Amino acid sequence: DGLGIETGVDMDKLIEAGRYICDFLGRPTGSRVARALMAKAGV
1 DGLGIETGVD MDKLIEAGRY ICDFLGRPTG SRVARALMAK AGV
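For the sequence shown, counting from 1, position 4 maps to 4 in our numbering; every step adds exactly one.
Since the hints were derived computationally from the structure, they do not count as laboratory data.
Heads up, a few of these hints could be off.
Claimed, not checked - Dumping the calculated SDA-like pairs for lysine to any residue here, alpha-carbon to alpha-carbon at most 25 Å:
| # | residue 1 | residue 2 |
| --- | --- | --- |
| 1 | Lys40 | Ile21 |
| 2 | Lys40 | Glu6 |
| 3 | Lys40 | Arg27 |
| 4 | Lys40 | Phe24 |
| 5 | Lys40 | Pro28 |
This one's a predicted model, so the numbers in the text were calculated from it and none came from an experiment.
Model the full structure from these sequences, guided by the hints.
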């Protein structure tokens, strides 16, 4: 997003998928970006 390059990746869906996987594994995410976006979304 920051560089203005279109990737076609839906960040909201990517974060949701990562959250689902972490919940399934019973482990927190290691991604600082995911933690920040989840905190921003109130998840």
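Results for each hint:
no. : hint            : in the structure
1   : Lys40 <-> Ile21 : holds (19 Å)
2   : Lys40 <-> Glu6  : holds (23 Å)
3   : Lys40 <-> Arg27 : holds (20 Å)
4   : Lys40 <-> Phe24 : holds (22 Å)
5   : Lys40 <-> Pro28 : holds (16 Å)
This entry satisfies every hint, going by the numbered hints stated previously.
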